[in-house]
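In the order they appear, the protein sequences are chains A and B. Number 165 in numbering that gives the first Met the number 0 belongs to position 166 of the first sequence; there are no gaps in the numbering. Number 108 in numbering that gives the first Met the number 0 belongs to position 109 of the second sequence; there are no gaps in the numbering.
Derived from the structure by calculation, the hints contain no laboratory data. There could be a bad hint or two in this list.
Claimed, not checked - Chain B residues, not near chain A, derived (Cβ > 12 Å throughout): (1) Y268; (2) G278; (3) P349.
Said to hold, decoys possible - Label pairs and their in silico Cβ distance ranges: (4) A:G253 <-> B:V417: 29 to 35 Å; (5) A:Q62 <-> B:H47: 45 to 51 Å; (6) A:G69 <-> B:V51: 58 to 64 Å; (7) A:D372 <-> B:R69: 57 to 63 Å; (8) B:E336 <-> A:E182: 43 to 49 Å; (9) A:A289 <-> B:H47: 45 to 51 Å; (10) A:N97 <-> B:R70: 44 to 50 Å; (11) A:A289 <-> B:G265: 31 to 37 Å; (12) B:A186 <-> A:A289: 54 to 60 Å.
Stated by the list, open to error - If you want the footprint, here are the derived chain A segments under chain B, 3+ residues with CB under 8 Å: (13) 177-189; (14) 305-318.
All values derive from a computational prediction rather than experimental measurement. Positions of the beta carbon are idealized from the N, C-alpha and C atoms, including for glycine.
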Amino acid sequence: MPYRRDLLKGLGYGALAASMPGISLASAETDSRLVVMILRGAADGLAMLAPYGEPGYSGLRGQLALAPPGTEGGLLKLDGLFGLHPSFTFLHGLYQENQVLPIHAVATPYRERSHFDAQNLLENGTTQPGGARDGWLNRALAPLNDSSGKETAIAMAQNTPLILRGSEAASSWSPSTLPDADEETLRRIRKLYENDEFFASRLQQALESQDIAGDLSSSSRRRNKLRQSKEMMQATARFLKTPDGPRIAVIESGGWDTHFNQGAATGSLANKFRDLDSNLNDFKQAMGSAWSSTVVAVVTEFGRTVRVNGTRGTDHGTAAVALLLGGAIDGGRIIADWPGLQTSALYEGRDLKPTLDLRSIFKGVLADHLDIDSAFLDQKVFPDSGSIAVMDGLIRKT
Amino acid sequence: MATPVKIETVIAANRFGLGARPGDLKSINEDPKSWLLEQLSGPPRLSHVFSVLDNSADILVELEKARELRRQEKKQNENKSRSPKSYGSTVRHYYMQQTTARYVSATSTDYPFHERLVHFWSNHFAISADKQPIPALAGSFENEAIRPNISGKFSDLLLAAEKHPAMLLYLDNQRSVGPGSKLARKAGKRQPDRKIGLNENLAREILELHTLGVDGGYSQADVTSFARALTGWSVGGGKGRKQAGVPGRFHFRKDIHEPGSVEILGKYYTEKDMAQAEGILTDLAIHPSTARHIASKLARHFVADEPPVSLIDTLTRTFIKSGGDLKSLYTALVQAEEAWQGVFGKYKTPEDFVISTFRAFEYVPQNVRTTFAALEMMGQAPYQPGSPAGWPDTAEQWGGADSLYKRIEWSNGIARKVGKRSDPLELAEFVLGPALGQYSRSSIARAESLDQGLTLLLVSPEFQRR
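Bound-form chain A, shown alone (with noise of 0.2 Å):
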């Protein structure tokens, strides 16, 4: 969409001309690639990642264990003692690549079980709900944002989750089939909002997104949700790709709270967890060659009860799965300190403990693959996590 370049250059935007093709710089510094996808909802992490060699395991998750490996419906083997949901096949084969590295049993430092606190501190980083008004990603972002006001990273959705809010730039984009404003029109609207910064500073950071989604934004109806979340997929990793372009995105996934039939090797859960294997193949295909260069962090809230509720679910829990996966990524095998399913292993009686800190695993990606400094994690991005270690060897060594 050249006009959108045009009026960004008329305006005298210097960093965008710089962005023309030709004449732009590969940032080298930036050159590795973020990606962390929320599951919001929490999903089900003894599902996704299941314990099946634990004497107990199928006894205590009754209608919902999965089959072990080798046989009908069973899960994916990945060792002795986990394997993945059978839905998970791409992830399996990537896994044997050693581009996925699951992590079990982890949480952020929140005890209580309601979703929106949980992912409100998951979010803001800090111990508390509440207990920062940004996101630790955008304050990650100031080592990484250069001074020419140029974005690193974005969000895929209409607007920014607070994970991504905060004092540092961040833009957000999502598909649109409403008809483009004209360039007169949008150039009126800039001069409009000259003297009010809360939509000066967006109405910029939309035009630069609009610059570079191009005519990913006009595709036609979308109906199917998958191939909904495949054009989303695509558009991520074609941000993520262009010179200049931001580095770091944010992808939110929503309907993870499954207290009702949940399912096992087939039904609603692994129908989700259908969807997210092929996204995640989708934006791998769509990366091409930067793949080699890329992380996508899978996270959620906080994990689900081990036992089964009483209408074939499983209620708010604590201790849940992430998933590290990427080029970039030093995979192909599990981290866990396994707590074990025995009742006095259970975190209060009812759900998995948490043996890891979330954060440790983010540190570790900041710190190895985004190379920011150890201290400004502990004290910036994480207030006052400095007892929680950054974890060494996420990203494979070049």
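Chain A is already provided as a structure; the job is to place chain B on it using the hints.
Showing chain B alone in chain A's frame:
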């Protein structure tokens, strides 16, 4: 000569209402506060657009028929084409019909403050249309449980919302079974390994979202006890021997209710059956934590993202003193000085931006398909907040760059489509009066076409805020 429009008039119409229509500012200019307060009394504001809609019980029966038809067809002819009236299209039919009614009412009502309160409470007790069969019920929930109860006691509103089949289905309570109930004991004898029991979803969200608030001082044990008390709160239906209650209506299933007393927030509830959870809800409805939770939400919704503590205090006191009388609460809000400070305390939500645009154009949409799609793209698909927490109430949650860009694209299109022939400056005078700043005024005045002028008006900071 007519009196110039007062700033309070603009605040009344835009901050407390759904946006001025041409003529509105003039007609309420004399006494904007009374104009607001008068909307709270008098006959129930039930517009005819709602009276023609099917009620939720009939809808649930229709849906069950459609589901049964689907099952039969699946059994009989696996390869043949689907019936013309599938389950999905039945759901969509109701969803669109109810959504249309909502926007017809919002864009044409003479009681916009009343309508705002309906929207506020409907969002407080959010049921989200991304889970079946909620799309078919979200509007009827609003019209049956919320609309008739917004000016009475909060306890009545609370009970109506929690007993509505849509709420019970949304938060999975219909099949939550007491482990010591008759049914569970019988089932335990027959199939000892098949586990039926509690689902704590509804109990938790009532405490966290509908009443006390997340810091309201309850524990996991309170959640579990409350879930026990709520067992049996279900929806009538079923077939043959399993048939119970009136299909599609609230039904208390004694056979799955957990017997015995429960302790919640240190108080024992010894009531039997349905009265037990009713007793708990009645107490929760007037609890000081509930008062503060509701007061904060109301102040944040109408006045400012960070409302003055003094205002929250006033509203909390009113709530407690009146035993949760909602009309007293709204009156305290309207009478509070803090509620009239500044003209631009709030950034409109996408929905209220769209509604206020239609009101400015005196346009009442008869088919909301395109409006639905536009709202979806701005991040606020009708009745679909995505979680029981409802839509957020702060600019930082709505202020995404992309969302603003969608507002701009939509304004540009709608100005051409429905804004025809309006003079932009005259319209600006009609809907913003003295609130329109000089800078925006001259930008609009210099527009190269009427369409462009209207677009500039709609996207102007003054129109986007309230």
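### Query
Checking against the hints above, which ones are violated?
Violated: hints 3, 9, 11.
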